[in-house]
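Chemist: Chain B: place on chain A using the hints.
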Amino acid sequence: MIIETRGIGKTFGSVLALREVSMGVAAGEVTCVLGDNGAGKSTLIKILSGVHRHDAGTFLVDGREVRLGSPREALDRGIATVYQDLAMIPLMSVWRNFFLGSEPRRGLAFDVARARRTAREELLAMGIDIRDVDQPVGTLSGGERQSVAIARAVHFGARVLILDEPTSALGVKQAGVVLRYIARARDRGLGVVFITHNPHHAYPVGDRFLLLNRGTSLGEYAKADITREELTALMAGGAELEELEHELRRE
Amino acid sequence: MAVFAFFAAQSPVFRSPQGVANWLDPAATLGIMAVAVALLMIGGEFDLSAGVLTGTTGLILVTLATRYGLDVWTAMLVGLAVALAVGFANGLIVTRTRLPSFIVTLGTFLMLQGVNLGVTKALTGTVQVSGLRRAAGYEGARALLAGTVEIGGTPFRVAILWWLLVTAVATWVLMRSRAGNWIFAVGGDEQAARAVGVPAARTKIALFMTTAFAAWLVGSILALRYTSVQANIGIGQEFIYIIAAVIGGCLLTGGYGSAIGASVGAVIFGMADKGIVFLGWDADWFKFFLGAMLLLATLANRLVRRYAEEVKH
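Listed in order, the protein sequences are those of chains A and B.
Quick note on full-length UniProt numbering: the first sequence kicks off at 1 and runs consecutively.
Quick note on full-length UniProt numbering: the second sequence kicks off at 1 and runs consecutively.
Bound conformation, chain B alone:
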């Protein structure tokens, strides 16, 4: 709220409907990922491969649709299958070996990064694939995932609706389903959760697959929007997702956080990202702002944990 008030007071464009549509757009694609990553972090794990996976799924979609004659829908399904397989592999390795997910997914991150570049170069000789517009089924898929809807005469990206849907579903799962209880439990204390019969491994694998699903959704949205995909897209984004989740109240140590919080984190990110541009400031300041927000959020989180873990006599 404070962030909105600050930018709104400084810039009339920022508070106009067009302005709102403008900064909600980056918030939406980031938000979808941040919510999924928040669930995973509440479950006590990280996924560093999530950012690159958005690139992988986008590349699969565009490559299959432009070079192998598949229609857009089938190409998207293949992308989904690959994404879920990557998520499953991440989850399986982490739960079987008990290695830190930070290391495991760092491995998948690097592998996917290599595959993205290597395969794209081998197929096209360049570092991007493009031409999705000519593929069969493009218009329908674009309307569903990358179109716009008019609200009060202002065009809003349809991705915003997907983001709201993802946030709503994630919140329901966390607060109102058995799986939600298990997610908090495996992140809070996996041993204890196991002792009372929570299927910890299954819960974690499902979380990794959820993150992969979100990466597929965002990858497809971006590919359909720009009709071309750079082979290096998504690199570095994985930390932005984690930052948004932490600003939204997730503990790095797991067991605490919310989907709505992660979405708010994404909104703050979107506002700051576009707000600085609206104000005509140097965009370099954005990183400073992000860092300050992260630090403040972490300090606030620490208070939460202290309060909750303090034993009263």
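Pulled out of the complex, with its shape left as it was, chain A reads as follows:
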């Protein structure tokens, strides 16, 4: 396991946001975190990415207990987070965005030739076919932008990639594109934490599944231990959905 949590918890004032959650991510594996809105998904990833500090349980990176103070610290340990609002500038070209804030230098200058070439190579290595790295990011589709953000995190040395709802704003085809890049990142040996509320996106690509509901864990399952139907039912809160169906039935 690259990162692992054991009985981790977090409270905000008197509100219990997360309780007793245990999960792990191994190199070359995808751990999906599933849950409805308010289930504690974002609290969990904010702990993993160094935005919040946990106040119960243990958080291990490479088997050693840590307490991350900032996103920078998480990054230094190779934990990169790609948020929904990707931190990219629409009017700037793909390669300028790719290196924004970490531009390669040659002497005093920004090594433009190297930046352009590296961006193209990294995108190709991820199987991302951007027609032209000089085009503004604003002209890319949502899926392509996610892919560029993923490639950027990989290039800057991420060992664990935390993806916050990368498919939720996308159509079926675009979501497929992003799922393919998640698989590609996994094949390159990264550990991926894939946050989603869509079991149909999670099941094909995931190796293990952590289900969250109202801040508590409903369990972590290996793929062999759970079927897509069980996952969907758990995710939807099974009994609740049946109840809802009953309630909505025509008299």
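No lab work stands behind these hints: they were computed from the structure.
Note that the coordinates shown come from a computational prediction; the quantities given were computed from them, not determined experimentally.
Beta carbons: idealized from backbone N, C-alpha and C, even for Gly.
Among these hints, one or two may not hold up.
Far from chain B, some chain A residues (derived; all Cβ distances over 12 Å) [said to hold, decoys possible]: (1) GLY13; (2) ARG120; (3) ALA224.
Okay, derived cross-link-like pairs now, SDA-like style, lysine to any residue, Cα gap no bigger than 20 Å in a straight line [to be verified]: (4) A:LYS173 x A:HIS197; (5) A:LYS46 x B:ARG194; (6) A:LYS46 x B:LEU70.
Modeler: The following block gives chain B in isolation, referenced to the frame of chain A:
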């Protein structure tokens, strides 16, 4: 190009070397400012105090050199220090308070305007300071900033060379330096830029100081050229700078534009300014022409932004 062809076809003087030297001159002093203002606008901010600051620096130079016995070089250094301080203050207030720079620099614009007039009147009893010619070091400084160079028998103002230098440096910074990447980024989306580690506040303060530096350069050039400075000089010029930058392709909303574009905007301005005179037209038409250019440029810019921000599925 179209503007040049139009005036050149209409007036033989316009296309002669003397004519070229003539309309390149206003283009040069405007161009130095337009390039600096363009960088600032790409970084997403405005500076309305830039025009008046050219007056302030010129007044400091002439006053110190004629009334306090400083030599011209020292007086220019003091002017530079004041200009950079004003730029720093503008930048600091804008980045700390997150107020629109339009309002902040409107404040500095009015304050400087008041200081220019008030101090000049208090010291001289008139609204101008003059007599720079007698000050120590005048000839050397004039040769460097306000002299002429002969190219093919035609005298060109040396300011044109400064303008070309400023444009070249600004283009290099924008396209080939890390700072350039940060300028585009803070103008395009400051939040996103900050999120990936761009020092947004520092970038913006540096941009305000760059604009102030350009104002000092132009103020000194004009003071050395005319040897006297009117207390109300530079007022209204701040919009001309912005117009030149916009004609050259800068977006008012930031994040897009170029230094060369701003220089081209300044050339168009210079050509129209002098061309109308050469043609013997009423100079009133100049404003009409300027307005039409601005409108066309803004419409063209809008297309650029639409293209870039259109999400393709």
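Chemist: Tell me, which hint numbers fail for this structure?
Modeler: 6
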